[in-house]
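A.B. asks: These protein sequence lines map, in sequence, to chains A and B.
For the first sequence, the positions run 1 to 290 when my numbering is used.
For the second sequence, the positions run 291 to 582 when my numbering is used.
Accuracy of the hints is not assured; some may be wrong.
With beta-carbon atoms standing in for the labels, derived distance ranges [what the hints assert, rightly or not]:
{"hint": "1", "chain 1": "A", "residue 1": "182", "chain 2": "B", "residue 2": "385", "range": "19 to 29 Å"}
{"hint": "2", "chain 1": "B", "residue 1": "448", "chain 2": "A", "residue 2": "273", "range": "32 to 42 Å"}
{"hint": "3", "chain 1": "B", "residue 1": "340", "chain 2": "A", "residue 2": "129", "range": "21 to 31 Å"}
{"hint": "4", "chain 1": "A", "residue 1": "121", "chain 2": "B", "residue 2": "556", "range": "53 to 63 Å"}
{"hint": "5", "chain 1": "A", "residue 1": "182", "chain 2": "B", "residue 2": "572", "range": "27 to 37 Å"}
These are computed hints drawn from the structure, not numbers from a lab.
Yeah, the Cβ is synthetic: ideal placement off N, Cα and C, and Gly gets one too.
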Amino acid sequence: MATSSQSLDASVTVPIDDEAERAAVRARRRYRTKVRAWQIAIVVVVLGSWELAGRTGMVDRFFFAMPSLIAAKLHTWLTEGTVIGSLAQQVWVTLEEALLGFVIGAVLGVIAGIVLGRNRMLSDVLAVYVRVANSIPRVVLGSIFIIALGLGMASKVALAVVMVFFIVFANAFQGVREADRALIANARFLGASSLQVTTSVVIPSAMSWILASLHVSFSYALVGAVVGEFLGARQGMGLLISISQGAFDTPGVFAAMVVIAVIALLADALLTAAERRLLVWRPGVHTDRP
Amino acid sequence: MSSIEIEAVNDPVRAAASDPVRAAASEPVRVVVSEPVIELRRVSRRFITADGHALLALRDFDLTVRRGEFVAIVGPTGCGKSTTLNLITGLAAATSGSVRVFGRAVEGIDPRVGFVFQADALFPWRNVLDNVSAGPRYRGVAAAEAEAEARVWIDRVGLAGFERHYPHQLSGGMRKRCALAQTFINRPEVLLMDEPFSALDVQTRVVMQDALLRLWETTRASVVFVTHDIDEAIGLADRVYVLTARPATVRSVHDIELPRPRVLSEIRYQPRFVELSRLLWNDLRPAAVAAI
Numbered sequence: 001m002a003t004s005s006q007s008l009d010a011s012v013t014v015p016i017d018d019e020a021e022r023a024a025v026r027a028r029r030r031y032r033t034k035v036r037a038w039q040i041a042i043v044v045v046v047l048g049s050w051e052l053a054g055r056t057g058m059v060d061r062f063f064f065a066m067p068s069l070i071a072a073k074l075h076t077w078l079t080e081g082t083v084i085g086s087l088a089q090q091v092w093v094t095l096e097e098a099l100l101g102f103v104i105g106a107v108l109g110v111i112a113g114i115v116l117g118r119n120r121m122l123s124d125v126l127a128v129y130v131r132v133a134n135s136i137p138r139v140v141l142g143s144i145f146i147i148a149l150g151l152g153m154a155s156k157v158a159l160a161v162v163m164v165f166f167i168v169f170a171n172a173f174q175g176v177r178e179a180d181r182a183l184i185a186n187a188r189f190l191g192a193s194s195l196q197v198t199t200s201v202v203i204p205s206a207m208s209w210i211l212a213s214l215h216v217s218f219s220y221a222l223v224g225a226v227v228g229e230f231l232g233a234r235q236g237m238g239l240l241i242s243i244s245q246g247a248f249d250t251p252g253v254f255a256a257m258v259v260i261a262v263i264a265l266l267a268d269a270l271l272t273a274a275e276r277r278l279l280v281w282r283p284g285v286h287t288d289r290p
Numbered sequence: 291m292s293s294i295e296i297e298a299v300n301d302p303v304r305a306a307a308s309d310p311v312r313a314a315a316s317e318p319v320r321v322v323v324s325e326p327v328i329e330l331r332r333v334s335r336r337f338i339t340a341d342g343h344a345l346l347a348l349r350d351f352d353l354t355v356r357r358g359e360f361v362a363i364v365g366p367t368g369c370g371k372s373t374t375l376n377l378i379t380g381l382a383a384a385t386s387g388s389v390r391v392f393g394r395a396v397e398g399i400d401p402r403v404g405f406v407f408q409a410d411a412l413f414p415w416r417n418v419l420d421n422v423s424a425g426p427r428y429r430g431v432a433a434a435e436a437e438a439e440a441r442v443w444i445d446r447v448g449l450a451g452f453e454r455h456y457p458h459q460l461s462g463g464m465r466k467r468c469a470l471a472q473t474f475i476n477r478p479e480v481l482l483m484d485e486p487f488s489a490l491d492v493q494t495r496v497v498m499q500d501a502l503l504r505l506w507e508t509t510r511a512s513v514v515f516v517t518h519d520i521d522e523a524i525g526l527a528d529r530v531y532v533l534t535a536r537p538a539t540v541r542s543v544h545d546i547e548l549p550r551p552r553v554l555s556e557i558r559y560q561p562r563f564v565e566l567s568r569l570l571w572n573d574l575r576p577a578a579v580a581a582i
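Just chain A, with the same shape it has in the complex (with noise of 0.2 Å):
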């Protein structure tokens, strides 16, 4: 099987015996490590010269801390625990809302996007609200939802939810409007049903546009979830935020902030590694397996 797929592709690879290919090869090693290197010194020369600013006094470290002071406090939180309990703790629970907001908004707006594409004159209805829906600068919400949810979980995931919601079901709804005719046409004369079509052929092809917003929503999720914590909560990396601000502890805030974006990079490796899996059939993303 692997023999004849290899067989198939544009170009039958052998093996590498001549001059100047064994320079075009070194040649693209040498871009790699040198893309590499900038990147490095890019991050070194960032954090050095704020560094640099923060110990001769250019910049008041006071307001804008230093990357020294952040990592102190990074350290004492993972040493000793914040004031609120243990890093970890603080992690788990923001984390625990981010997901369950991510999974709720991901598959509500997966249904509302299959639906609403699915149906025209439904969709024609109700585009409007969706509109206006959707140009509601939704942390807002956050608010609402915590007079009426309270300062517990549920708050935090209703806001993560909702920010989540309108991106998947934007990007569901689009990608089963286009989902290829041909494709949904054949399926009806090898005898598809109505379910069968939408099952079979629409949903897989809209799998992509919708694998493309769970990446940006997730970050999204997270964001609802720490806004809500920020907004009134009894533990969580929003808690930490708000506390570090009351307290003017710009390296507590700093270090929360390089926390979640660590989330959210694991999060992202995440879904990127899921995507491949779901899309092998795509040509790209597929890995020749045996």
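With chain A's structure known, arrange chain B on it following the hints.
C.D. replies: Same frame as chain A, now just chain B:
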């Protein structure tokens, strides 16, 4: 014609009994063969364009396809050839005239009709096996049974060994083979083909035309094959309809009496083939020139 009458005609003995004159004129088998499966009578089709104008795509169009007959429709680009297929499937409604398939007015997609598209219509997220078994699966056949049947058809179209490949890993010709297997597995009684090979290179096209004829000879479906390629039409069909430029109507009908089974790469050099080709081109030329 109601469905009951059709059954009567289907039965040679009863058909002969109900129509003694015809039965005497030819043997009963001919009666079965000559029964029209698709019948378009004086069909016109008007579109309303986006800017509110009416556009006449088809005018007084007549077409008859009998059981087991291979009919090709040739016409200049954009003349409304595909419209005829849409009328037969029920995807488009005739503005006037009658369209009858299996003896009754068309309503919705009939499970006995198969369609091969010009564009690639394989499901890109399914491998060859799952693409070919899609039809039986949609129709409620158990997965194992559908797969076994799919393997037979994959083998028949020469794709054995590629069951686990995704469409993007196949060449254009192989994707067409897969599309043929996907359609033939449903054993359609009527097969509609909308320029299925027009996107292929010339050599691949000839190979695919032969592959199609071999598959068709095993099933003997009634075929309507739309193309702009005269040689393709002559090589494949029993009868060729030449259309005029838009609004399309039938300019001429030619019976292609070349013997079957045919091998495309050989018969195209026979004197009769060349003669037919010249004849059809003379009919088509005014429309082709007008279309430019």
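A.B. asks: Does each hint fit the structure? Answer for all of them.
C.D. replies: Now the hints, each set against the structure:
1. 182/A / 385/B: 19 to 29 Å: At roughly 25 Å between Cβ atoms, residue 385/B and residue 182/A fall inside 19 to 29 Å, so the hint holds.
2. 448/B / 273/A: 32 to 42 Å: About 37 Å separates the Cβ atoms of residue 448/B and residue 273/A, which means 32 to 42 Å holds.
3. 340/B / 129/A: 21 to 31 Å: holds (27 Å)
4. 121/A / 556/B: 53 to 63 Å: Holds: the Cβ-Cβ distance is about 56 Å, inside 53 to 63 Å.
5. 182/A / 572/B: 27 to 37 Å: Holds: the Cβ-Cβ distance is about 34 Å, inside 27 to 37 Å.
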